[in-house]
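Novice: Can you build the whole structure from these sequences, using the hints too?
Now for the letters of each chain:
2 protein chains.
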Amino acid sequence: MTKPVLVIGGGPAGLAAAHSLATVGRQSIIVEKEEQLGGAPILSGYAKLVPSGEWAKDAIGGMVKRVVDAPEVSVETGATVTSFDGEPGNFTAELSNGKKIDADAAILCSGFTHFDSVNKPEWGFGTYEDVVTTTQVEQMISSGNGVRCPSDDRKPQRVAILLCVGSRDRQIGREWCSKICCTVSSNLAMEIREELPDCHVYIYYMDIRTFGLYETKYYWRSQEEFKVKYIKARIAEVTSDGEKLIVKGEDTLVKRPITIPFDLVVHAIGMDPNVDNPFISETLGIDLEEHGFVGVGNRYGAMGETSRPGVYVAGAATGPETIDDSIAQGHAAAMAVLSSFKDLGKTA
Amino acid sequence: MTKPVLVIGGGPAGLAAAHSLATVGRQSIIVEKEEQLGGAPILSGYAKLVPSGEWAKDAIGGMVKRVVDAPEVSVETGATVTSFDGEPGNFTAELSNGKKIDADAAILCSGFTHFDSVNKPEWGFGTYEDVVTTTQVEQMISSGNGVRCPSDDRKPQRVAILLCVGSRDRQIGREWCSKICCTVSSNLAMEIREELPDCHVYIYYMDIRTFGLYETKYYWRSQEEFKVKYIKARIAEVTSDGEKLIVKGEDTLVKRPITIPFDLVVHAIGMDPNVDNPFISETLGIDLEEHGFVGVGNRYGAMGETSRPGVYVAGAATGPETIDDSIAQGHAAAMAVLSSFKDLGKTA
Chain A
354 MTKPVLVIGG
364 GPAGLAAAHS
374 LATVGRQSII
384 VEKEEQLGGA
394 PILSGYAKLV
404 PSGEWAKDAI
414 GGMVKRVVDA
424 PEVSVETGAT
434 VTSFDGEPGN
444 FTAELSNGKK
454 IDADAAILCS
464 GFTHFDSVNK
474 PEWGFGTYED
484 VVTTTQVEQM
494 ISSGNGVRCP
504 SDDRKPQRVA
514 ILLCVGSRDR
524 QIGREWCSKI
534 CCTVSSNLAM
544 EIREELPDCH
554 VYIYYMDIRT
564 FGLYETKYYW
574 RSQEEFKVKY
584 IKARIAEVTS
594 DGEKLIVKGE
604 DTLVKRPITI
614 PFDLVVHAIG
624 MDPNVDNPFI
634 SETLGIDLEE
644 HGFVGVGNRY
654 GAMGETSRPG
664 VYVAGAATGP
674 ETIDDSIAQG
684 HAAAMAVLSS
694 FKDLGKTA
Chain B
354 MTKPVLVIGG
364 GPAGLAAAHS
374 LATVGRQSII
384 VEKEEQLGGA
394 PILSGYAKLV
404 PSGEWAKDAI
414 GGMVKRVVDA
424 PEVSVETGAT
434 VTSFDGEPGN
444 FTAELSNGKK
454 IDADAAILCS
464 GFTHFDSVNK
474 PEWGFGTYED
484 VVTTTQVEQM
494 ISSGNGVRCP
504 SDDRKPQRVA
514 ILLCVGSRDR
524 QIGREWCSKI
534 CCTVSSNLAM
544 EIREELPDCH
554 VYIYYMDIRT
564 FGLYETKYYW
574 RSQEEFKVKY
584 IKARIAEVTS
594 DGEKLIVKGE
604 DTLVKRPITI
614 PFDLVVHAIG
624 MDPNVDNPFI
634 SETLGIDLEE
644 HGFVGVGNRY
654 GAMGETSRPG
664 VYVAGAATGP
674 ETIDDSIAQG
684 HAAAMAVLSS
694 FKDLGKTA
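If you're matching them up, the sequences are chains A and B in order. Per this note's numbering, the first sequence starts with residue 354, numbered consecutively. Per this note's numbering, the second sequence starts with residue 354, numbered consecutively.
It is worth saying that the hints were derived from the structure and are not from the lab. All of these numbers come straight from a predicted model, not from anything done at the bench. Be aware that a few hints might be false.
Since the list gives no way to pick out one identical chain from another, each pair is judged satisfied if it fits inside one copy or across any two copies.
As the list claims (entries may be wrong) - Derived lysine-lysine pairs resembling DSBU-like cross-links, with alpha carbons at most 30 Å apart:
no. : residue 1 : residue 2
1   : K585      : K508
2   : K386      : K585
3   : K585      : K601
4   : K508      : K410
5   : K695      : K410
6   : K401      : K386
7   : K410      : K386
8   : K453      : K386
9   : K585      : K570
10  : K582      : K601
11  : K580      : K608
Specialist: The structure is reproduced here in C-alpha cells:
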C-alpha cells in the first residue's frame, strides 16, 4: 500500500510533478501557501511566456486545470507545512490548517521571491511613480490595459529597461545572476514596441545573457525586427527633472557618461531565494546553499535530491530558473520518486 | 503486454531516460552509433564537469554502468536506426546491424556535434599547432598529461581562451549561443591555473554568460581566487611571430586595438546540430527547427514532444544544452513516455 507524495508549492514545477505522478496512478497532495495554484506566472500576472509566446493564464492555467481535474491529486491552498517527520516511505506532515498527511516522499517546489526594488533606492523605485518592475509591466500587458505611465496613464514615448536589478550586485548581497531576466526583458521590449510602435525602448545591460537559442529569437529579433536599443552601461541613479525620469550612468563601451530622459523606467527584477526558505529548511530538515536557495545534489544519481533522503526539490527553489526548466525538473523529480519506490520495495 | 522503449543515443540524456524507465520495470533499448556509451563527456574525454566538479569518467561513467548493469536495458552500440514505422504503442525500427525492434515509443537523445574550428580559419586552428579547442584541453587534463603546447610539449606561460568559436557568428551561419561555453571556459581556466600557477590565462569574450548560480561559482571565483583575466574584445585574427601566437583584436571596452602574444590559444567551440540530423529527421519523420536542431513542443503539455506522436526528444538534440539539463530532460522524457501509456491503455 503506497501513500501519497507531498508536493510543496503549486507553481510550474509542482504542477508538473503532481501531473506526472497522477498519470501513472500515484496520489499526490499539493500544499500551496497562496489561495491559488499557478505560482509566479499566475499569481504575479505574467503576460506571454518565454519561449513559447503563450499567455501565462493559458499555458500555466492549463497545467493548473490538469491537476485540479485529476482524481489522483488533492490540493490544500492557503496552507503551509508546519512539521515533517519520518523517513522515506513513511513521512508524516502537519499543515497550518490542522490537517495531517502521511506521505511516501516529498517534492519541494517552493520557488523564489521576486526581488523587492525598494532595496535599490538609488534607481528610483518607490520614489517615482513611473519607475516600475518587469512584473508590473507584465501585469499591464496581461490585464489588457496596455503599457502606461502610472502617474498619469499616458502612453510612454521612451521606456528604459534596467537589467540586473537585484542580481549580480554585491552591494546589496545578491551576487548571483537571475538567469532569465535578459530574455524576459527582450521579450517585454518587443511586446511594448508591438503595442506602442512609436515608443523607443532601451535596454541597459552589463552582459546580455540570452543563452542558447534565445540569442536569435530574442536578442537579435528584438534589435532587427523591433528596433530595441541595447546600451552596455553602469547605472548611477534614476532621478527626475520634474517632467521626465532621468537615467544617469556610464556607457561602458565608450567610457562616457550618458544621461537620457524617459517616460517609464522598468526594473528587471531578479529572483531571490524564497523568503520562507529558513523556515522551510528548518521544518523539512534540509540544507540551504550559500545564497539561501535550497541545496540540491548532483544529477548523475537521482534528480533533485536534497540533504534529506526522500525529500526532492525542483524548479526555482534551487536557484534562478526558467519556467521551462522548472517544468522539466518537476517531471524529473516525480520520476525520481517513482524510481525510489524500487528501493522501498513498493510499486508505482 | 508492453514493448520496450527505443532510446536513440547513449549520452547523458539517453542514459537518464533508460535508467528511469528501468527503475519502474520498463524495458528499453539504447541504440548508440558509436562503439561506446557516454556521449560527448566520455567520447570526447571531458575532464571535470560543470557544475559538480566531478570527473566525467566517474560521473557519466557511473550513469553508463548503471544502465549496463540494469537487466531492463539492452544496448546496441555501433548501430543506427535506419527505418522507423508505426504509431504510438506499435512502432517497428530497423537498425543498421540488421536487427528489428518493436517499441512502444522512442526517445531521441542524439545530442550535438562539436563545432569544427577549421571553419574559422582566421583564428589559426589548423594553421598553428598550438591553437587547440576546449575539447583538446579537456583531454589534456583528463588524460593526466597536463596542459601542454602540442608543438613542443612545453608548459604554456600564457594561454588565451577565445569564446564563441562557432557561436553567435553569422558569418559562418551559426547565430545561436552555445549556452555553456562561457562557464566551461571559466572552469577550464581555473583548472589550468591550478596545474600551472605561473601561467597567465586570458578569456576573450563578447558577453559573459555564466547565468544563474554559475556567476559566483565560475565567473567571480575564476577572477578573484584564480586571477583569470577577462577581456571584452572582438578578435580579428590569430597569427604567429615565429615564436609566439599573436592574438589581434579590438578591446571593445576601451575601443583600442590589442595585440597580445600567447603560447597556447584555445577555441571555446560551440555546439552544432548533430551532423546526422537531416538523416534522423527523415528516418524518424520528425521536424527540425530553423537552425537544424530537433524541433520540440512547448513544455506545458507533455515534455519533449516532437512533431511525431510517440517520439520524444531530450537534451542537446534540441539545441545547445548543459549536461545537467540534458539529464533532467532525459528523466522527464521517460516520465512523459510513462504518462503516455495511460492514453494507450497500458500500465507501466
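Novice: State for each hint whether it applies.
Specialist: Hints versus structure:
Taking the closest pair of Cα atoms, K585 and K508 come within 30 Å of each other only inside a single copy of the chain (26 Å); across copies the shortest separation is 37 Å, beyond that limit. Taking the shortest Cα distances, K386 and K585 never come within 30 Å of each other, neither inside one copy (39 Å) nor across copies (45 Å). Proximity of K585 and K601 under a CA criterion of 30 Å is satisfied in both settings, with 13 Å inside one chain copy and 23 Å between copies. Within a single copy, K508 and K410 get their C-alpha atoms as close as 25 Å, which meets the 30 Å cut-off; across copies the closest is 58 Å, which misses it.
Taking the shortest alpha-carbon separations for K695 and K410, only the inter-copy value of 26 Å comes in at or below 30 Å, while the best intra-copy value is 37 Å. Within a single copy, K401 and K386 get their C-alpha atoms as close as 25 Å, which meets the 30 Å cut-off; across copies the closest is 40 Å, which misses it. Taking the shortest Cα distances, K410 and K386 sit within 30 Å of each other inside one copy (19 Å), while across copies they are farther apart (43 Å). Within a single copy, K453 and K386 get their C-alpha atoms as close as 16 Å, which meets the 30 Å cut-off; across copies the closest is 52 Å, which misses it.
Proximity of K585 to K570 under the C-alpha cut-off of 30 Å is found in both arrangements, the shortest distances being 20 Å within a copy and 24 Å between copies. For the homomeric pair K582 and K601, the shortest alpha-carbon distances inside one copy (16 Å) and between copies (28 Å) are both at most 30 Å. Taking the shortest alpha-carbon separations for K580 and K608, both the intra-copy value of 23 Å and the inter-copy value of 24 Å come in at or below 30 Å.
Violation of the numbered hints given earlier is confined to hint 2; every other hint is satisfied by the structure.
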